[in-house]
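Participant: The chain contents come next:
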Amino acid sequence: MILTNIIQRTYRWAQKNSIWVIHFNTGGCNGCDIEILDLLTPRYDIERLGIITQASPRHADVLLCTGPVTQQTRDGLVQIYSQMPSPKYVVAVGSCSNTGGVFVNSDTVLGGVDKALPVDIYIPGCPARPEAIIEGLLKLRERISNGDAN
Amino acid sequence: MDKIKKRFTLLNAVVEAMIKQPETIKYPFAAMELPEGFRGAIVFDPDKCSGCGLCVRDCPAEALHINKKSREEYTLLHYPARCAYCGQCEDSCRHGAISHSNKLVGATTHKDDWVLVFKDSKASQE
Amino acid sequence: MDKISIPIGPQHPLLKEPLSMMVDISGEKVLGGSLRLGYVHRGIERLAQQRTYVQNIHLIERICGICSHVHTTTYCYAVEALLGIEIPPRAQYIRALMCELERIHSHLLWLGILAKHIGLDTIFMHTWHDREMVLDIMEEVSGGRISHAANQIGGVRFDLDEEKGEMIRKILIKLHSQVEGLLDVIESEPAAIARTKGVAPISPDLIKAYGVVGPIARASGVDVDMRRDASLPPYDQLEVKVITHSDGDAWARTFVRVEETRVSLNLCETIIREMPRGDVVVHAPRRVPEGEVIIRSEAPRGELFYYLRSDGSDKPARLKVRTPTLAALSLLPVQLSEINVADIPVVLAGVDLCIACADR
Amino acid sequence: MFRSLFHLLVFPGFLFLVISGLTFEWLDRKFLARFQRRVGPPWYQPLADLIKLFSKEDLLPKNANDFLATLLPLISLSSVLTAGLYVPIAGYTPFSFEGDLIVIIFLMSVPTLAYYLAGIISLGIYSVLGGGRSLLQFFSYEVPLLIALSGPAILGRSWSVSTIMETQGRLGPFIIFQPLGFVLAVVGLIGKLKRDPFDIPKATSEVVGGSLTEFSGAKLGFWNLVMDIQAVVGIFLLIDLYFGWIKMSHPILAIAIFVIECLILILVLSGTSAIFARLRIDQLAGLGWRILVPLALLQIGFVILMGV
Chain L
1299 MILTNIIQRT YRWAQKNSIW VIHFNTGGCN GCDIEILDLL TPRYDIERLG IITQASPRHA
1359 DVLLCTGPVT QQTRDGLVQI YSQMPSPKYV VAVGSCSNTG GVFVNSDTVL GGVDKALPVD
1419 IYIPGCPARP EAIIEGLLKL RERISNGDAN
Chain S
928 MDKIKKRFTL LNAVVEAMIK QPETIKYPFA AMELPEGFRG AIVFDPDKCS GCGLCVRDCP
988 AEALHINKKS REEYTLLHYP ARCAYCGQCE DSCRHGAISH SNKLVGATTH KDDWVLVFKD
1048 SKASQE
Chain E
147 MDKISIPIGP QHPLLKEPLS MMVDISGEKV LGGSLRLGYV HRGIERLAQQ RTYVQNIHLI
207 ERICGICSHV HTTTYCYAVE ALLGIEIPPR AQYIRALMCE LERIHSHLLW LGILAKHIGL
267 DTIFMHTWHD REMVLDIMEE VSGGRISHAA NQIGGVRFDL DEEKGEMIRK ILIKLHSQVE
327 GLLDVIESEP AAIARTKGVA PISPDLIKAY GVVGPIARAS GVDVDMRRDA SLPPYDQLEV
387 KVITHSDGDA WARTFVRVEE TRVSLNLCET IIREMPRGDV VVHAPRRVPE GEVIIRSEAP
447 RGELFYYLRS DGSDKPARLK VRTPTLAALS LLPVQLSEIN VADIPVVLAG VDLCIACADR
Chain A
5 MFRSLFHLLV FPGFLFLVIS GLTFEWLDRK FLARFQRRVG PPWYQPLADL IKLFSKEDLL
65 PKNANDFLAT LLPLISLSSV LTAGLYVPIA GYTPFSFEGD LIVIIFLMSV PTLAYYLAGI
125 ISLGIYSVLG GGRSLLQFFS YEVPLLIALS GPAILGRSWS VSTIMETQGR LGPFIIFQPL
185 GFVLAVVGLI GKLKRDPFDI PKATSEVVGG SLTEFSGAKL GFWNLVMDIQ AVVGIFLLID
245 LYFGWIKMSH PILAIAIFVI ECLILILVLS GTSAIFARLR IDQLAGLGWR ILVPLALLQI
305 GFVILMGV
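Protein chains in written order, with my numbering: chain L, 1299 to 1448; chain S, 928 to 1053; chain E, 147 to 506; chain A, 5 to 312.
Quick caveat, the hints were computed from the structure, so don't treat them as lab data.
Glycine residues also receive a C-beta, built at the ideal position from the N, C-alpha and C atoms.
Mixed in with the good hints there might be a few duds.
If you only want the chain E side, here are some residues facing chain S, beta carbon under 8 Å, derived [said to hold, decoys possible]:
(1) Arg-197
(2) Gln-201
(3) His-204
(4) Thr-268
(5) His-272
(6) His-275
(7) Glu-285
(8) Gln-298
(9) Gly-311
(10) Asp-330
Please put together the full structure from these sequences, using the hints given.
Facilitator: Laid out in structure tokens, this is it:
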């Protein structure tokens, strides 16, 4: 009993402190994407928070989505999500991926990422500032350490 | 000589970076610095608003919404998750009632909680 | 060896945006490739017809996050041409200043991506850190790092005072030395040269046949630059040095872009020095008289083309955007043959893909 | 019995090698971050990564052989751990015997072959590509590395690492006699560890994650551990072979010197990956066979002449 508790707490600690991110642009304008790439660069350096980007969805814990979900990217988005090992989380970066943003009412845009996947954290902004993304990822860390996941 | 110097530009930069302090900001552990003119969260001055709806008309993302019962009775809603933070409402408002502050809009787990009701003029009169 | 097709995209570390490519390879040799576009199609041209001219500024800014300002600038010039108003010279200069800053930011960003793709992460980190200085300037003057919302129909939203001008000049001088260092690296770093020199050269004839514009064309020796050729104000009063190179390979593209960064830095200094005084905005009516207009300008990736037709209402009847990336994309399958698998990143980076621009 | 168990599990066996492997990964990432003007990860980062990977779901493509996919990282892990047992650490070597250098070199090659197989069996298209590349790379760096490592053996007149170290105590560190050999050995080690600029089998922009693209969860954790331990064993081996064992009056001083030598070598490795671009596979083969092999032979010739 105590042992499982300790193991669970260790796992939570590790999951909280090691967030491997995969980034997928679901049809956005690049603005949020370059802000996410900016997070890797010296000024923001999210590696100090244990966050690194991964190339393969199999290695990732968090799917960072940018942009509104267009009809074309929806299947790809769901496929990438299904390739990720659980526990997995989805973060919607930018107003477009929250609700569709300025592309609301467009025929080819379905809307926010929540139209296709369960979203854990919404980060507003157009584009979301790197600080805002960091704040969102820290919120996600809280969620992980509480054990909430979709 | 110049060629040799050029050849080692990258090595120089790397060694310099090793010696110098890293350029990373302290952000999550310290307060952030945003410039004065940064277009962040929307702030609203209910006293100045006349309920004309110009901001709603010009908003490119349908982030502002006005529920108008009469000239005096209306509610102005703002959805931060839709907002493009473009500053058009600030430009369109003739009374200076709506503007951007330089505060960051925080992340959230439920975007639907986010509708900010700005003004309910009936409520304010009562 | 058997032929295998490897899929690249829609999600791939090479691509920051969704694009699907099937590349046929045999061993380490690339035989050919095919493209599939349309993932980022958000129907912007159609959306623009449903929205007012004022709303469209912010919609068009979000065609592309990297060259957002040049899109709105071209759009605003188009609307102003239809309205028959001329914006004050100071506003023209501020628009041009933002355009040039954006070009610097775009080229530095591109150089970082190329370096990352060939495994030189240090250069990626250093250039992107230098790029932050440009973003700082743009945020300080306009209030947004990526989407500046600097334009409005009839002028610009903000004015530059002496203090800000001085600040910009200081940062630009600092940036100048950094760009010199980058130039040294791409000229003399053997590993970088080995990976880019002689990779996927394009002949000038091919460039002309496919209608490719911008730095790719200039790297192949085709001398086009809309800043000089279209002479949109205020470039008609400024001396623009057009950089060309004759090799046409990936290295030449790198060289042209870094040199252009230097030219843009000088241009920024000139603009700040020669900026005329006066207003920055004139009043513009919301309804646009009937008519049609074509405006061309030079985006960081090449010629940007806007066609705008008005039917007299407050919404455009047709807005057509032709972005430089589309032409470059059509050349991509041609480049993706007879190269090494390891050269795919270099070729892709050399094109400086902006799929958000191409798909809209 | 108890002594052997201690050697196997604690020092210089499992626990020590795992801890030093994780430390190496942290130092490497930290140095690289500092070269790039960043802060870099905190000290517990590799540990958190490892534990997190063990807590994750384990996925594989539908038709992949799950048994082999589990076996391969375990074989690699056990072989690098075994190699670690025979490498003297600060002069301490419980299992030394004549010929252990050959055993170490052989055991260090096992992960590369397992990596290739892992790519083939996991059936992803990028995994197959990455696996094939790792084998091609193996043929390019392994020969110069072997020739270079035989330099100290010839000079020390023994195939036992501890004997070679004793000879160095008499003659002086071998780096003085074969600096070229040391450079070649470092280059070979970089190739073996698939580090930048020889990270061709796992180049993110070309083959996504290389052989490990389809691996997740505990298997990926094991693989990462293998890479780290391989790196430290390689570093210890190079230090032993080229810097030798400097006799000190106090053992703590000797250990400190050993640690400093390791740190310098890690700094060199990180610096190399910071300032060099990745090579193409044909460029690597050219480099290996046209430049490295002749240089290695030159060094060996020099060593043989010196020995005579």
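Participant: All hints, please: hold or fail.
Facilitator: Verification of the supplied hints:
1. Arg-197: holds, 7 Å
2. Gln-201: holds, 4 Å
3. His-204: Where the cut-off is 8 Å and the nearest Cβ of chain S is about 4 Å from E/His-204, the hint holds.
4. Thr-268: This hint holds: E/Thr-268 lies near chain S, its Cβ roughly 6 Å from the closest one there, short of 8 Å.
5. His-272: holds, 6 Å
6. His-275: holds, 6 Å
7. Glu-285: holds, 6 Å
8. Gln-298: holds, 7 Å
9. Gly-311: violated, 15 Å
10. Asp-330: holds, 4 Å
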